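Chains as they are written, first to last, in my numbering: chain R, 1 to 260; chain W, 261 to 680.
In case anyone wonders, no lab produced these hints; they're calculated from the structure.
Remember, predicted model here, so these are calculated numbers, not experimental data.
Just to be clear, a hint being listed does not mean it is correct.
[Unchecked claim] Here are the simulated DSSO-like pairs of lysine-lysine, each with C-alpha atoms no more than 30 Å apart in a straight line:
(1) Lys388/W - Lys267/W
(2) Lys146/R - Lys401/W
(3) Lys146/R - Lys390/W
[To be verified] Using C-beta positions, here's what the derived DEER-type ranges look like:
(4) Arg50/R - Arg625/W: 41 to 51 Å
(5) Arg549/W - Gln66/R: 42 to 52 Å
(6) Arg427/W - Arg78/R: 40 to 50 Å
(7) Arg494/W - Gly113/R: 30 to 40 Å
[Unchecked claim] In silico contact screen, one side only, chain W against chain R (beta carbon under 8 Å); selected entries:
(8) Glu302
(9) Cys321
(10) Glu418
(11) Ser676
Backbone N, C-alpha and C define an ideal beta-carbon position, used for all residues, glycine too.
Now for the letters of each chain:
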Amino acid sequence: MNDGSTKTGIYGLTGCRGDQLTVLDCGDRIIELLRGSGIRSFIMTASDNREGRMDIALVEGSVSTQGDKEGLLSIRERSDVLVALGTCACTGGLQAAFQDWAQWQENYGRVYGDPEMEHTAPCPSRPLDAYVKVDFHVPGCPISEKQLLHAMKSIIASGPPGPDARPLCAQCALKGEDCLLRKGIACLGPLTASGCGAVCPWHNIGCTGCWGPAGEPDLEELPRLFPGGRFDAAFIRRMMGAFSGARIEELTVRVEGVMK
Amino acid sequence: MKTIETKHLTRVKGNGTIAVTCDDAGVTDVKFNIYEGPRLFERLVVGKTPAEVPGIVSRICAACSVSHRLAAVRAMESALCITPPRKVELLRELLLLGERIDSHGLHVYTMALPDYLGFPSIAAMMDKFKFEAQIGIEVKKLGKDIIRTVGGRSIHGENPAIGGFGRYPEKEELVRIKQRAGHFIPFAVKTASLFGELVLPDLAASDTVFACIEPGGEGYGFTGETIAVSTKERLSVRDYGQLANEQVKPHSFCKRSRFKGRPYSVGALARVTMFGDRLELRAGEMVERYYNEDWSRNPLYNNAARALEILQAVEMIPPLVDEINGLSDPRAVSYAGGEGAAVSAVESPGGALFHAYELSGGLVRSADIVSPTAQNAEDIERHCLVAARKLFQRAEEDRIDDIMNMVVRAYDPCISCSVH
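Produce the complete structure using the sequences and hints provided.
Here it is, written out as structure tokens:
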């Protein structure tokens, strides 16, 4: 049926469902954007899902099983635009901390032992673009409604724009003496992608890096991060490792390049 | 021998199917296949400091992010011998009430009600049942407002910390929450009567063993030191492993538990069945009016129990806000020490949640997390088996997909949590 709607499918691989719940919270605003019978498949909220070709597929979660991978390949094949929704889809998320196969297997074994699983094989968690071309990344843990709606508007109007590469400091209200780093509070803002509005610093809590690494991290702020610390690869890996998942190596190389 | 497997379960949180196996004589087995990927949270926290743990484990789930976060915070406080100030305890209770309103509200209106009104989704029922659909949207907004105000964000807020909060909400923000909750009471009453009056199919009905945390004190709270089982047995929370004996099964990345060999159920129906007499005000009237002996045998009544808990939560908020606003903001609690072990139990929306940690040299040495849906999985299979058998006896196999979905859905399963 061609009613001018943007045929959209909303999917989840392995994740906490937070990004899909945020899409749901966008409610009327997203339905208006997509017009008419826009949302064709949203398994978490409806039982009358129609698969087939999609104009836009929003995919949350990391690829953590063979089944996730097969599902993702199918979605990519029948969708014009694929959007990686949330930090798990963009960097692999928290679960991608074990990138090394042997390290992952050891930890998997500690939790599950060595069973023969019937339905699908698990694997080290990876972001979507480890397996398919991703047209647009919307990071966040979970995503921000504003960032999502902005991305959707751009995609529908004229195709995927580039993501905002600035670090979180660009959005943070705590400037000058109010900066948490100046107060000796550990804050990963200079290294972290923006989009959340710096909500945690507003609560006097240092940024934990949950949006993943910034496209253009502020490497001049680094000396103020954890004064007295050694800014080497191990340090960066420890600090940003929780959410940067598969993207951590790129960030580490960049930082080391500057620190030399 | 043939196996009928449902398509991907819909209107649940996570990835799974139900597989019904039968021979000429009838249904022999039902499996709740859970192929949602393992994220290994119990290993991700190993080697982290206590302060890092709550933010990590809150990501196990978006609907019960707060419960996971607070279970970890409370366990760390217990292990490090930190006693949080009263205002902190009360704000945490407010946060948990907000989470319950949000999660239950999402489930009963968006995920469950469409089945009982004959629609595939809340969007589809918007025309004929606009009033109900609107309540479904408003209840989530209320829940999220509370969570955002106290927690910092509506999902995965970092504000609740070990010993207190990063930033305490302003009095005016809490007064606004109090007013909003008060205005919602008539809609919560409507919700309770809507679900209390639904005529529910009894295909899955069977005697059930329930378990929940016995609320500390005399109210209908979220935490306690004792596990109550409907067999009249009591266990210390420390001995949670005797209740949830977690075993790996090959069709499920979520581990399975049985209590003395028997599947059991946790969640809203467990809480209302065992401690419903502690509900007060309109919620207390409603449980008197609607609860009957059918409830404890039929998992579909979980939704009626959730509706009662939404009402209970909104009624509790105004006096709670008054008490919170009467206290001044405590100073930050500093802590030291790095040895200890503790178990903490919280009644998350889906049921009893256990977090256990061991600390050594200031870092986490080991962690064990038992989620509600993992505990329910065996009983979900059992109730599905009961329903599947009845359907086959009535030659109604074509309804298998729909009915299996309804039974699983009644548990508001959080499959992502169950695997973690």
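Now for the hints, and whether the structure bears them out:
Restraint check: the Cα-Cα separation between Lys388/W and Lys267/W comes to about 28 Å, which is no more than 30 Å; the hinted pair holds. Simply put, Lys146/R and Lys401/W have alpha-carbon atoms about 16 Å apart, close enough for the 30 Å limit, and the pair holds. For the given pair, Lys146/R sits about 27 Å from Lys390/W by alpha-carbon distance, which is consistent with the 30 Å threshold. Checked against the hint of 41 to 51 Å, the pair Arg50/R and Arg625/W passes, with Cβ atoms roughly 50 Å apart.
Between Arg549/W and Gln66/R the beta carbons are some 51 Å apart, a value that agrees with the proposed interval 42 to 52 Å. For Arg427/W and Arg78/R, the Cβ-Cβ distance of about 46 Å falls inside the hinted range of 40 to 50 Å, so the restraint holds. In this structure the supplied range 30 to 40 Å holds for Arg494/W paired with Gly113/R, their Cβ-Cβ distance being about 31 Å. With a least beta-carbon distance of about 6 Å to chain R, the hint placing Glu302/W at the interface is held under the 8 Å criterion.
Taken as an interface hint, Cys321/W checks out: its beta carbon lies about 5 Å from the nearest beta carbon of chain R, inside 8 Å. Checking Glu418/W against chain R: minimum C-beta separation of about 5 Å stays under 8 Å; hint holds. Because the beta carbon of Ser676/W sits about 5 Å from the nearest beta carbon in chain R, less than 8 Å, this interface hint is met.
Violated hints are absent here; each numbered hint is respected by the structure.
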